[in-house]
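A.B. asks: Chains as they are written, first to last, in our numbering: chain Z, 1 to 259; chain A, 1 to 362.
Calculated from the structure, these hints are not laboratory results.
Glycine residues also receive a C-beta, built at the ideal position from the N, C-alpha and C atoms.
Any given hint could turn out to be false.
[Unchecked claim] Computed cross-link-like contacts, DMTMM-like style, restricted to lysine to aspartate or glutamate with a CA-CA straight-line distance of at most 20 Å:
#, chain 1, residue 1, chain 2, residue 2
1, A, Lys211, Z, Glu126
2, A, Lys142, Z, Glu131
3, Z, Lys156, Z, Glu127
4, Z, Lys108, A, Asp334
5, Z, Lys54, A, Asp334
6, A, Lys144, A, Asp230
7, A, Lys40, Z, Glu71
8, Z, Lys169, Z, Glu232
9, Z, Lys25, Z, Glu146
10, Z, Lys25, Z, Glu131
11, A, Lys142, Z, Glu71
12, A, Lys144, Z, Glu71
13, A, Lys40, Z, Glu7
14, A, Lys144, Z, Glu53
15, A, Lys144, A, Glu41
16, A, Lys211, A, Glu41
17, Z, Lys169, Z, Asp236
18, Z, Lys196, Z, Glu232
19, Z, Lys196, Z, Glu74
20, Z, Lys133, A, Glu41
21, Z, Lys63, Z, Glu12
22, A, Lys211, Z, Glu146
23, Z, Lys130, A, Glu41
24, Z, Lys65, Z, Glu131
25, Z, Lys144, A, Glu41
26, A, Lys142, Z, Asp219
27, Z, Lys54, A, Asp230
28, A, Lys40, Z, Glu127
29, Z, Lys63, Z, Glu131
30, A, Lys40, Z, Glu177
31, A, Lys40, A, Asp230
32, A, Lys40, Z, Glu126
33, Z, Lys169, A, Glu41
34, A, Lys211, Z, Glu71
35, Z, Lys144, Z, Asp171
[Unchecked claim] Chain Z is nowhere near these chain A residues, computed Cβ spacing over 12 Å in every case:
#, residue
36, Phe65
37, Ser166
38, Tyr197
39, Arg215
40, Ala221
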Amino acid sequence: MLLLSIEEIVKEYDGVRALNRVSLKVDQGRIKGLIGPNGAGKSTLFHLISGMEKPNSGKIYFKGKNITAMESHERAVLGIGRTFQTLQIWGNMTVVENVMAGMDRRLKGGLFSCGLWLPRVRRSEEEALKEAKEILDSLGLLGKWESMASQLPYGKQKLLELGRALSMKPDLLLLDEPASGLTLTEIDQLSQLILKVRQGGVTIFIVEHHMGMVMEIADEIVVLHNGERIAEGTPDFVRKDPQVVEAYLTRHHEEPSRR
Amino acid sequence: MSSQRTKAPQARFRKRDLFYLAPLWFISLIAPDPYLYRKKEFRKKDLFYLAAICLAPWIWSDPHFHHLMVLAGIYAILSLGLSLFMGYAGQISLGHAAFFGIGAYTTAILTTRYAVPAFLAFWTSALSAALIAYLIGRPILKMKGYFLALATLGFGEIFLVIVRESPNLTGGVVGIFGIPWFSVLGVSFDTYLKQYYLTWGVLTGLFIFSKNLVRSRVGRALLAVAASEDAASSVGICVSRRKLGVFVLSALFAGWAGSLFACIMSTANPEAFGLGFTILIVMMVILGGMGNLYGPIAGAILLTGLTDILSKYQEYSLPLYSIILILLLIFFPDGLGTRLNVRIIYLIGYWAKKRKREGGKP
């Protein structure tokens with residue numbers, strides 16, 4: 001079933017086209033990879049999907065609903081979760097609070113009912129705490145649940161950011177370079193985790209420079225180059241595509257073939 | 001050498017040490033925990049604070065002290081609200097004196113001109129301050145950082161100009177006199193002691209409210225907005241709504257504080273709500289400690305007491321005051337509330353180590 005569909009989307013920055021009439025579709029329950037050389041427009045595309053930026057033209061549909069004009073928090077409420085390329089955890093809160101804040105859209109209570117600590121607020125807080133601890137347990141962060149998030153090492157902070165995105169129970173999870181800065185062991189753990197998350201019914205759309213990882217876990221891969229979609233298909237198909245090879249070779253950057 | 005090591009215990013406790021330790025222990029009892037802002041639920045220590053608040057006027061039965069504590073309580077209500085806006089949501093406001101002023105003037109006008117009961121005026125003041133906060137908050141909260149500071153500063157100045165230039169309504173530069181005591185259900189709060197319990201009672205209620213707020217989803221959303229707005233909206237937190245909500249709430253607190261101020265001082269004049277007052281309140285929040293609800297109260301007591309002590313020195317009071325503030329900001333940059341205990345624990349550790357080193361020496 002179709003979950004996300006992007007139609008003819010255009011994004012310009014001061015006359016420079018970051019994305020030129022890109023269309024793509026993400027099916028439910030799949031892991032879709034998005035790769036491309038630096039400056040191909042991958043992160044821009046993610047910002048457009050999550051609503052951090054608005055496109056110049058084109059349309060975005062999520063669950064069959066036109067979300068092009070929606071604000072990013074409204075899209076999050078609809079079920080689009082994301083992580084960031086540059087780590088964006090809340091260092092001024094504890095680890096468990098980070099996860100609980102991620103659940104915000106599922107919790108109850110406004111300004112005054114929270115201040116008065118009404119029974120329903122208390123109940124929903126207790127449940128949230130329990131659930132947050134379960135999520136931390138599954139990530140292996142439960143031992144640190146009370147320490148400040150800013151005191152965790154980088155790898156754990158990355159995990160925490162993923163945990164926060166998971167805690168909002170998204171239907172679509174956008175992962176912007178989750179493996180960057182991680183060690184090889186951590187990347188392996190991350191791949192296992194992502195596969196586990198997919199089994200829980202979450203659709204995953206992932207931007208990644210680490211080719212070994214994305215080729216291993218993705219069901220399909222889209223390749224962007226200079227703001228245009230140049231290939232789409234299974235990892236094996238994409239790897240052999242002459243245009244993709246050329247795009248990567250001319251840039252002398254990463255090679256999309258091996259680890 | 002070896003014989004000496006066995007002979008001399010490294011750090012033996014002497015009776016004299018109790019003399020040093022007792023005050024430190026006492027301060028650590030009163031001072032909030034170093035990481036209290038991490039654990040947000042109520043604790044036994046809060047009961048201790050409550051008892052201290054109830055007993056304080058009986059231990060020091062000096063009316064002057066009562067009056068000072070009444071003022072400190074009013075400032076604490078104001079800075080408590082401001083601390084939610086500044087310390088938790090990470091915004092800046094230099095216009096809270098205006099909300100305080102709106103509260104005071106609403107009470108003053110309603111009670112002197114229309115003979116409205118003080119209790120009713122108390123609520124009307126808070127609601128009118130909140131309403132105005134809502135109206136100006138919608139446009140100006142889109143700004144951030146310095147721009148927000150300037151916009152709120154401008155709002156404060158506009159308020160002062162309006163107050164000064166409309167003598168028919170607000171009494172102009174002279175202000176309004178003869179505001180009746182606060183009274184509810186026939187009880188008139190006409191002594192300093194009664195006023196003390198009134199203000200600190202209101203403060204306690206608002207403190208419990210704020211503390212509940214901080215440990216709930218709203219508090220987390222505010223901290224999230226302060227740390228990263230992008231991340232906050234990526235999990236479905238509506239950033240503008242939360243900012244507006246806490247701005248209105250802090251104005252509500254300021255309105256209550258202003259109303260109490262008008263009733264207790266029985267006057268309202270524009271000089272009291274100027275820029276200097278705003279800076280004082282902001283200093284209370286910063287000195288007390290951002291992101292900590294005990295901080296603004298500690299800051300309010302400290303600065304009110306400091307101003308009173310220094311007023312003895314007449315012309316030297318202002319320079320002394322500023323030197324003390326600068327020193328406090330240098331040595332306690334995170335505020336007294338958050339760091340005092342860390343410092344004390346550090347001091348005790350340092351002292352023990354020093355003793356150990358000296359004891360180890362031949």
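A.B. asks: Taking the hints in turn, state whether each one holds.
C.D. replies: To see whether the hints hold, each was checked on the structure:
no.	hint	result
1	Lys211(A) x Glu126(Z)	16 Å, holds
2	Lys142(A) x Glu131(Z)	34 Å, violated
3	Lys156(Z) x Glu127(Z)	24 Å, violated
4	Lys108(Z) x Asp334(A)	33 Å, violated
5	Lys54(Z) x Asp334(A)	39 Å, violated
6	Lys144(A) x Asp230(A)	14 Å, holds
7	Lys40(A) x Glu71(Z)	31 Å, violated
8	Lys169(Z) x Glu232(Z)	28 Å, violated
9	Lys25(Z) x Glu146(Z)	40 Å, violated
10	Lys25(Z) x Glu131(Z)	32 Å, violated
11	Lys142(A) x Glu71(Z)	15 Å, holds
12	Lys144(A) x Glu71(Z)	19 Å, holds
13	Lys40(A) x Glu7(Z)	47 Å, violated
14	Lys144(A) x Glu53(Z)	18 Å, holds
15	Lys144(A) x Glu41(A)	31 Å, violated
16	Lys211(A) x Glu41(A)	8 Å, holds
17	Lys169(Z) x Asp236(Z)	31 Å, violated
18	Lys196(Z) x Glu232(Z)	24 Å, violated
19	Lys196(Z) x Glu74(Z)	27 Å, violated
20	Lys133(Z) x Glu41(A)	17 Å, holds
21	Lys63(Z) x Glu12(Z)	26 Å, violated
22	Lys211(A) x Glu146(Z)	18 Å, holds
23	Lys130(Z) x Glu41(A)	16 Å, holds
24	Lys65(Z) x Glu131(Z)	30 Å, violated
25	Lys144(Z) x Glu41(A)	19 Å, holds
26	Lys142(A) x Asp219(Z)	42 Å, violated
27	Lys54(Z) x Asp230(A)	14 Å, holds
28	Lys40(A) x Glu127(Z)	17 Å, holds
29	Lys63(Z) x Glu131(Z)	26 Å, violated
30	Lys40(A) x Glu177(Z)	34 Å, violated
31	Lys40(A) x Asp230(A)	25 Å, violated
32	Lys40(A) x Glu126(Z)	14 Å, holds
33	Lys169(Z) x Glu41(A)	27 Å, violated
34	Lys211(A) x Glu71(Z)	30 Å, violated
35	Lys144(Z) x Asp171(Z)	28 Å, violated
36	Phe65	31 Å, holds
37	Ser166	33 Å, holds
38	Tyr197	22 Å, holds
39	Arg215	8 Å, violated
40	Ala221	6 Å, violated
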